[in-house]
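Peer 1: Each chain, letter by letter, is given below.
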Amino acid sequence: MNVTTKHRLAKDKLMLWGVCLFAALTAVPLIAILGEVLLRGYDQLSWSFFTQPTPTAYKAMKAIEAGEPIPGGIANGIIGTMLMLGMAVVVAVPLGILCGAYLSEHSKDRFAQVVSYLTDLLQGTPSVIIGIITYIWVVVPMKGYSAIAGSVALCIMMLPLIIRSTEETLKILPASLKEAGLALGGNKARVMMKVQLPAAFGGIFTGVLLAISRVIGETAPLMFTALGCSFIRFAVDKPISAVPLLIWEFFNDPNLQELIWGASLFLLLFVLMLNLTAKYLAKKWNQ
Amino acid sequence: MSDKLYRILLFLAALAVPVVCGGIIYALVSDAYEAFEHFGFLNFLTSSEWSYTEGAEQYGALPFITGTLMTTALALLFCIPFSLPVALFVGEYFKGTKVASVLSTVTDLLAGIPSIIYGLWGFYTLRPIIMALNISPQGSGILTASLVLAIMIIPYAASLSAEFIKMVPNDLKEGAYSLGATRAEVIRKVVFPVAGSGIFSSYILAIGRALGETMTVTMLIGNTNNIPSSITSTGNSMASIIANQFGEADDLRLSSLIAIGLILFLITAIINMIGKVMIKRARIA
Amino acid sequence: MESVTPILEFKNTCVSYTKQTMAVKYVSAAIEKNTITAIMGPSGCGKSTLLRAVNLMHNLYPNIRVDGEILLNGENILSMEPIDVRRRVGMVFQRPAPFPTMSIYDNVLAGFALNGIKLSKAEKDATVERCLRSVALWNEVKDVLNKKGTFLSGGQQQRLCIARALAMKPDVLLMDEPTSALDPIATKHIEELLLELQKEVTILIVTHNMGQARRISSKSMFMYLGELVEYGDTETLFSNPTDERTRAYLTGKMG
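Chains as they are written, first to last, in numbering that gives the first Met the number 0: chain A, 0 to 286; chain B, 0 to 284; chain C, 0 to 254.
A hint or two may mislead.
[To be verified] No farther apart than 30 Å at their CA atoms in a straight line, the calculated lysine-lysine pairs in the DSSO-like style are these:
hint	chain 1	residue 1	chain 2	residue 2
1	B	LYS172	C	LYS120
2	A	LYS5	C	LYS117
3	A	LYS170	B	LYS275
4	C	LYS123	B	LYS172
5	C	LYS146	B	LYS275
6	C	LYS141	B	LYS172
7	A	LYS283	B	LYS97
8	C	LYS18	B	LYS97
9	A	LYS278	B	LYS94
10	B	LYS94	A	LYS5
11	A	LYS10	B	LYS165
12	A	LYS5	B	LYS172
13	B	LYS188	C	LYS168
Hints were generated in silico from the structure; no laboratory data involved.
Working from the sequences, and respecting the hints, build out all of it.
Peer 2: Here is the structure:
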């Protein structure tokens, strides 16, 4: 083996090891973040953490002075998140599925191409801008922050994700499926409802899970819409809290900082579980 | 359901997207109008003053445009040395193996972490390290925000690049090996040139993400309204000034913030469009 | 007749994709210098697998094992460095695949660029002209050398790939059904070219096409289920095969 060959092989090895090393390093932040949130948050999780609302800063301060753990929890945030998410899902899922169905049926249509581009535009729009928009659209006319406003913001963010996943799932269904349905005398509506959408259920469901996991941790669009609220509330026309909003509040309030990690741990685990479930289901349904 | 009703229903649903997008642009433009009218469009873009003393209000977007561009550019710079190896690991070296799927799960999970949690981690873990290393006295600033931002965009750049690297035909790679090339040489001279435009477009989309990222940057950039003098100084991005001040602003300041929102919207829209068009072209080729 | 030292020799060569099954079983054969040897057999018989063993292509895929010996000028290549072996053993594939990001000119020189060998402008020009002339492509492309190789027709692309392999001055040229993706006229051009090329390089060609084997090769191998059934002068093998399986294949009673 001559010198240049040796040199080239050494370079080749170096590249392989470099790629492995740097690729492995990307796992470090994941482990570091998971580790930190777990270690600092796990002892805060208790029954009352999920059933009690956030304490006031004053109560928290008193508890800190007395050397006691801060009372209360994040129940108001969990309920707010669920409420707003529920409303957003009820609108975004059917709307997104119908729109995705439209795109998959008319993919060569000029209007559908415009819609497709705009879906990309919407998906790329920074969440803070969705917040501004919802403020202008909902908060200003309703003269106040509300759960409805928050859910509108979440709904706008979910919509493009659901449209895309529906469209893509419908597009990869075998054409024979649709043709067989039509050949049996079903009209397009029936074939879509009874054949295509059920066949695409797995992909669409995965898409919805991913959309939920994407928006559930969103903070910016809720800051100017749902605002936050320190007690448990089910009214849709009043300000309401959400788990990410609570984390933001705790971050900004020195008295409540102890609660940050429990709330973050809950949010992180929830989001990652949704992610992994969606990935697992996608794999399972693809087989 | 009749076919006609079905078609109308689908059309109406599809109409929702243009209506929302049109509504976004209309609302941003009409509410930003006051600021543009008061300061002049160009003046608003190029002024670096941000002061809300009553009677002498002066708002300009330049510090925040600079802050956004600096954080995005740095994040891109820090992201490449990690996202490119991940893409090669998943798309070439260990294509289709178990380790590759483990690594893609890792990057998927990174993409799933909410940005507020990235912000917390940056604030409580990274910032003290920056301080301990004497890089900047307050720990927060452009650099700190960019470092965390880089981690956040690795998954987007890596997974899309990997897809394009995977698509490089085996014929070409075997052709290069048969001429006596090593794997490193095949990657440099065949895989990269062939997948190049696809890889490039995936970084454009990653930039699109970094530009609008809000919470992480807000928590780490230091929140000062001046043009950052160096990468270690504090500042504000377009997204972070909005997140910081929108809740307390009214009248002219609110309009100015919305104007900044409009500028941010336009920049991300253009970047994303370029990226999407390039990806479509790269897929066809 | 004085005996010629073989340039390439298989000694009990085996290739296996999994632990249980062998795709090539104990092949032994000696290939003489400056000949064209055709490898025939039904699909899946291991002919391509055997061919790809000669330039250690199997080393790219960790699951594949090659056993026995393959001697190139008396040296066992299985214990040599793949990148050195591949420079001495060129290969042309079934589908023409010029590098799409390189010009015709750069495609011919791709081997040097990939191996990091620097050539002067004069050397480059000379190599490009020599190689394109020897594949009879020079007159067709000399004015468009800076165009991408992918603009050429299929037959021209395949000739460009042969030129690319010849540029490295290999001792042996492996061809894996090089004309199966081409039309009859392009195929005829390539066949004529190979007859010329055997003066410079020893050619081992896998082919599905019996007529092609008969037209261009002086020696032929017939493989079946991974075994080398018969190996000898092409004329003898076609007119008077010794093995029943060869006869069945040649008379169209098999694959």
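Peer 1: Does LYS168(C) lie within 30 Å of LYS188(B) when you go C-alpha to C-alpha?
Peer 2: holds (21 Å)
Peer 1: Under the criterion that the straight-line Cα-Cα distance not exceed 30 Å, is the pair LYS94(B), LYS5(A) satisfied?
Peer 2: holds (26 Å)
Peer 1: For the pair we were handed, LYS170(A) and LYS275(B), check the Cα-Cα distance against 30 Å.
Peer 2: Holds. LYS170(A) to LYS275(B) sits at ~19 Å (cutoff 30 Å).
Peer 1: Does LYS172(B) sit within 30 Å of LYS123(C), going by the straight-line distance between their CA atoms?
Peer 2: holds (23 Å)
Peer 1: Taken at face value, is the distance from the CA of LYS97(B) to the CA of LYS18(C) at most 30 Å?
Peer 2: holds (20 Å)
Peer 1: Does the structure keep LYS146(C) and LYS275(B) at a Cα separation of 30 Å or less?
Peer 2: Within the cut-off at roughly 28 Å; holds.
Peer 1: Please verify whether LYS283(A) and LYS97(B) have alpha carbons no more than 30 Å apart.
Peer 2: holds (16 Å)
Peer 1: Can you confirm whether the C-alpha distance between LYS10(A) and LYS165(B) stays at or below 30 Å?
Peer 2: holds (22 Å)
Peer 1: Is the hinted pair LYS278(A) and LYS94(B) satisfied, with a Cα-Cα distance of at most 30 Å?
Peer 2: holds (19 Å)
Peer 1: Are the Cα positions of LYS5(A) and LYS117(C) separated by 30 Å at most?
Peer 2: Holds, at about 17 Å.
Peer 1: For LYS172(B) and LYS120(C), compute the direct alpha-carbon distance and say whether it is at most 30 Å.
Peer 2: Holds, at about 26 Å.
Peer 1: Is LYS5(A) close enough to LYS172(B), meaning Cα to Cα at most 30 Å?
Peer 2: Distance ~22 Å between LYS5(A) and LYS172(B) Cα, so the pair holds.
Checked against the numbered hints given earlier, this structure breaks none of them.
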